[in-house]
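**Student:** Listed below are the residues making up each chain.
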Amino acid sequence: MAFDKNSNSFTFIFAIVLVCVVGTALAVAFLALKPAYDENVRREKMQNILAAMNVKVARDDAPAKFTEYISGSLLVDAKGGVVDGSARDKASNKAEASPAFSMDVLKQYKDWRAGVVEAEAMQYPVYQATVEGHDLMVVPMMGTGLWGPVWGYLAIDKADGRTIYGSTFDHKGETPGLGAEISTPIFIDQFVGKTITEEDGTYTGIKVYKGGSMTTDPHGVDGISGGTITSQGVDEMLMRTLAIYDVYFKLVVPKAPEPMVNVSLSDTMAVDPPEIQ
Amino acid sequence: MSTETTAAPVITRTDGLFSKKNRKLLTDPLNDNNPITVQVLGICSALAITVKMSNALVMSISVLAVVVLGNMIISALRNVIPGRIRIIAQLVIAAGLVTLVDIVLKAYVYDVAKQVGVYVGLIITNCIIMGRFEAFAMGNKVGPSALDGLGNSLGYAWILVVVAFVRELFGSGSLMGFRVIPESWYEINGGMYFNNNMMILPPMALVIVGIIIWIQRSRNTKLIEQS
Chain A
1 MAFDKNSNSF
11 TFIFAIVLVC
21 VVGTALAVAF
31 LALKPAYDEN
41 VRREKMQNIL
51 AAMNVKVARD
61 DAPAKFTEYI
71 SGSLLVDAKG
81 GVVDGSARDK
91 ASNKAEASPA
101 FSMDVLKQYK
111 DWRAGVVEAE
121 AMQYPVYQAT
131 VEGHDLMVVP
141 MMGTGLWGPV
151 WGYLAIDKAD
161 GRTIYGSTFD
171 HKGETPGLGA
181 EISTPIFIDQ
191 FVGKTITEED
201 GTYTGIKVYK
211 GGSMTTDPHG
221 VDGISGGTIT
231 SQGVDEMLMR
241 TLAIYDVYFK
251 LVVPKAPEPM
261 VNVSLSDTMA
271 VDPPEIQ
Chain B
1 MSTETTAAPV
11 ITRTDGLFSK
21 KNRKLLTDPL
31 NDNNPITVQV
41 LGICSALAIT
51 VKMSNALVMS
61 ISVLAVVVLG
71 NMIISALRNV
81 IPGRIRIIAQ
91 LVIAAGLVTL
101 VDIVLKAYVY
111 DVAKQVGVYV
121 GLIITNCIIM
131 GRFEAFAMGN
141 KVGPSALDGL
151 GNSLGYAWIL
161 VVVAFVRELF
171 GSGSLMGFRV
181 IPESWYEING
191 GMYFNNNMMI
201 LPPMALVIVG
211 IIIWIQRSRN
221 TKLIEQS
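These protein sequence lines are chains A and B, in that order.
Start counting the first sequence at 1; every next residue gets the next number (the working numbering).
Start counting the second sequence at 1; every next residue gets the next number (the working numbering).
Keep in mind that the hints were calculated from the coordinates and are not lab data.
Glycine included, C-beta positions come from ideal geometry on N, C-alpha and C.
Keep in mind that a hint or two might mislead.
Residues from chain B that face chain A, not an exhaustive set, calculated with beta carbons under 8 Å [as the list claims (entries may be wrong)]:
#1 Cys44
#2 Arg78
#3 Ile103
Quick list of in silico lysine-lysine cross-link-like pairs, DSS-like style, CA-CA up to 27 Å [unchecked claim]:
#4 A/Lys56 - B/Lys114
#5 A/Lys5 - A/Lys45
#6 B/Lys114 - A/Lys107
#7 A/Lys110 - A/Lys65
#8 B/Lys24 - B/Lys141
#9 A/Lys65 - A/Lys172
#10 A/Lys45 - A/Lys207
#11 B/Lys222 - B/Lys24
#12 A/Lys207 - A/Lys56
#13 A/Lys90 - A/Lys45
#14 B/Lys21 - B/Lys222
#15 B/Lys222 - A/Lys172
#16 A/Lys110 - B/Lys222
#17 B/Lys141 - A/Lys5
#18 A/Lys79 - A/Lys210
#19 A/Lys65 - B/Lys24
#20 A/Lys79 - A/Lys56
#21 A/Lys34 - B/Lys24
#22 A/Lys172 - A/Lys210
#23 B/Lys114 - A/Lys45
Computed Cβ-Cβ distance ranges for the label pairs, DEER-style [claimed, not checked]:
#24 A/Val116 - B/Gly83: 44 to 50 Å
#25 A/Val19 - B/Thr125: 50 to 56 Å
#26 A/Lys56 - B/Val142: 45 to 51 Å
#27 B/Tyr186 - A/Ala36: 19 to 25 Å
#28 A/Ala15 - B/Ser19: 42 to 48 Å
#29 A/Ser225 - B/Pro203: 47 to 53 Å
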């Protein structure tokens, strides 16, 4: 060989060239595959929203089912009012192309935590849908677990604006077998039939209890044993986010006259009898 | 340079690609020199991703791609890589390939990528990879290096698949996600059967690997240490 491959200069040149070649190759591969990845993320989001309404679909079917079920979407501001021009219904625009759907809730949450975005400037998506005769409002939530973000979607029955029809939770990297259990049916199914306010409209949110003795609470669920920090994160996320949405729910659900209350009671009873005590 | 790589059999003659020596490169790691059961490398991933068969298969294919491609690249560059930074160079190539595998998984098998995501990143630290780069590819030609990578990743793969088979069958009652043990057997549906939760937890993988080593050694007397 004409050059001394163990000389300092060759070592430096080799290292620089190697890193540049590997870096370029990775950048090209990433750019080429990013559309496919983004599409997967988009479909997963639809899948999650549908799962909160107890509609389980395969990822490939998600876009079709999403269009079928979701009748509209809008953004809510921090005071609970609808953001001007954010509302979309099925006729005027496809719900999946709406400002609500394209908003990055995780990014906004991170910006808020970092102090870049003021709490008053935050926006909150709402999806509207009808499943088996129930008018639902599906809302996303974003919080922090032990190792990273945790998030979820809650479907609230529009009949009374406070009863939970279904939910889904997921996480980025909680401990398998412990905090990661929040994405399992054992945790998720507890939410069905719980309410986020007292009957008179006083906001209660949903508490996540440590030690399952309080699961008879209509405003609380049992946390995950061994997943205390994750459970606390979910609790904080529910309390903070639902407080904002509750204002909006009270706006769209008219102050119930007598028959309305009856409807909501019978709905609750159909879902979870022990609640009415 | 080559003094540090004497651990591997250095092939100098020009053999045919499937000569006896090269076939041995492929078959040795399956049994006599298995990376998991004999060299006890790559144990961490064998514990972590063997709860489901599909995860074990994806992990195996990912490791196969990284080891074979990495071995070939390292082998092709073996006369150019400066001795003092050869580990760094190997690491850059391994890390680059692993990141590439991660991107490809996310684009094409998103569900699996989500489940094995963390562990795909950890392929970089899988001792089998650096071990094969340093011990074999640095001292051998491209062809034999590819075969060596293939053999070692297949040796790794079959252990992973066997462990995952046992764990998924008894831990979840399914194989490759398909239900094997009928729903009606379960206690919740009035039957008498429970899934073994122990199988889901990582320690059980160690026990199964131990049993595989036991069976392997009782059949393959070459592996029994003389005391």
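**Student:** Determine for every hint whether it applies to the structure shown.
**Tutor:** Against the structure, the hints come out as follows:
1. Cys44: violated (14 Å)
2. Arg78: With Cβ-Cβ at 11 Å, over 8 Å, it is violated.
3. Ile103: holds (5 Å)
4. A/Lys56 - B/Lys114: holds (18 Å)
5. A/Lys5 - A/Lys45: violated (52 Å)
6. B/Lys114 - A/Lys107: Roughly 20 Å separates the two Cα atoms, so the pair holds.
7. A/Lys110 - A/Lys65: Roughly 30 Å between the alpha carbons, so the hint for A/Lys110 and A/Lys65 is violated.
8. B/Lys24 - B/Lys141: holds (15 Å)
9. A/Lys65 - A/Lys172: holds (25 Å)
10. A/Lys45 - A/Lys207: Status holds; Cα separation ~25 Å.
11. B/Lys222 - B/Lys24: Status holds; Cα separation ~16 Å.
12. A/Lys207 - A/Lys56: Holds, because 26 Å separates the two Cα atoms, which is no more than 27 Å.
13. A/Lys90 - A/Lys45: This hinted pair holds, its Cα atoms lying about 18 Å apart.
14. B/Lys21 - B/Lys222: Measuring from Cα to Cα gives roughly 19 Å; hence the hint holds.
15. B/Lys222 - A/Lys172: violated (46 Å)
16. A/Lys110 - B/Lys222: violated (58 Å)
17. B/Lys141 - A/Lys5: holds (19 Å)
18. A/Lys79 - A/Lys210: violated (31 Å)
19. A/Lys65 - B/Lys24: Violated. A/Lys65 to B/Lys24 sits at ~54 Å, over the 27 Å cutoff.
20. A/Lys79 - A/Lys56: violated (33 Å)
21. A/Lys34 - B/Lys24: The hint is violated at about 41 Å.
22. A/Lys172 - A/Lys210: holds (22 Å)
23. B/Lys114 - A/Lys45: holds (14 Å)
24. A/Val116 - B/Gly83: 44 to 50 Å: Since the Cβ atoms of A/Val116 and B/Gly83 sit about 48 Å apart, the hinted range of 44 to 50 Å holds.
25. A/Val19 - B/Thr125: 50 to 56 Å: violated (19 Å)
26. A/Lys56 - B/Val142: 45 to 51 Å: holds (49 Å)
27. B/Tyr186 - A/Ala36: 19 to 25 Å: violated (38 Å)
28. A/Ala15 - B/Ser19: 42 to 48 Å: violated (36 Å)
29. A/Ser225 - B/Pro203: 47 to 53 Å: violated (19 Å)
The structure is inconsistent with the numbered hints 1, 2, 5, 7, 15, 16, 18, 19, 20, 21, 25, 27, 28 and 29, although it conforms to all the rest.
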